[in-house]
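Enquirer: Under our numbering, the residues of the sequence shown are numbered 26 to 342, in order.
If you are wondering where the hints come from, they were derived from the structure by calculation, not from laboratory data.
Among these hints, one or two may not hold up.
As the list claims (entries may be wrong) - Taking CB as the label site, the calculated pair distances span: (1) Q339 - S29: 20 to 30 angstroms; (2) W335 - G195: 45 to 55 angstroms; (3) G314 - A210: 38 to 48 angstroms.
Computed from a prediction, not measured in an experiment: that's the story for all the values here.
Ideal Cβ positions, reconstructed from N, Cα and C, are used throughout, including at glycine.
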Amino acid sequence: MISSLFLLFGLGLLYIGAQVLIKGGVGLAFRFGLSALVVGLTVIAYGTSSPEMVVSIKASLDGTGALAVGNVIGSNICNIGLILGLCALVSPLAATAQVIRREIPILIGVSVLLVIVLWDGSLGRIDGVVLLAGLLIYTWLTLRQARAETSTEAGQEYDQDFHRGQPSLGRSITLVLIGFAGLIAGSHLFVTGAVDLAKTWGASDAVIGLTVVAFGTSLPELATSLVAAIRRHGDVAIGSIVGSNIFNVLGILSVAALLQPIDTSEISRLDLGVMLVTAVALLPLAHSGGRINRIEGAALLSVYIGYTAWLVSQVGS
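Could you put the whole structure together from the sequences, leaning on the hints where they help?
Expert: Next up, the structure:
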């Protein structure tokens, strides 16, 4: 009972903290003269991954590294299978040429890289350096590409959405600090509850990370993408998910590995395979008419439900 309360309260703090952090981060970014496109590709995409970041770092420091890695792999599967699947059912998601030609191939490459570094059942500091280098290169390329972009209809809509009621500099800084505080407190409660549940149910840290923790930390992506789908901004929904998944691997696991080497033997090759398959599936889906339709969305959702059901069936067996 107490574990469930820790999980729920921690989840609530993670969600609120992420939303407050994003709002403050967007305000700061605009104050420093960054364009809407740069804000969208960096602050928003990385901000929605902040729960995964703090939860994985906390798990790594606590010696439950399998939960940290499971959180990232499970979140990436959840983001594509559950979130994009649901969003496509709400409204078919159009994919921009940039997402199809650049972002999705990068996500596939990053997923392949993760499979390679985890193949030996561990994630060491050298692996962390490789992943961190990948993050720095990707962020540099993204900023360079964004600065070269001309004003587009999507960018103008983004400007209108976020400039409306833009907070002052002092308030933006305050929001960022409050957001981080909420994430830190929420991660402590959430990881404590998740680990206790793992022991109670007889599930491994990896399974809890792949299911309960992954779903909980993906809530910011779920909220952001569903709003975008309802507003018929499919490119925003796909772009934010792809960007978050790239950051999950390169940013979160690099930091977790640098803090403390992680034993990933509890992560099965099936888990890695499902993560890679869902990433690869985005390329033909986005190419088919430049959008993900409702049938394709249902297929993605079915993969997520089937995989999660299989994981749950393994608990205690």
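Enquirer: Decide, hint by hint, whether the structure agrees.
Expert: These are the hints, each one checked on the structure:
Judged by the Cβ atoms, the range 20 to 30 angstroms given for Q339 and S29 holds: they are separated by roughly 21 angstroms. The given range of 45 to 55 angstroms is respected by W335 and G195, whose C-beta atoms sit roughly 50 angstroms from each other. Distance hint check for G314 and A210: the Cβ-Cβ separation is about 45 angstroms, which falls inside the suggested range of 38 to 48 angstroms.
In summary, the structure agrees with every hint in the numbered list given earlier.
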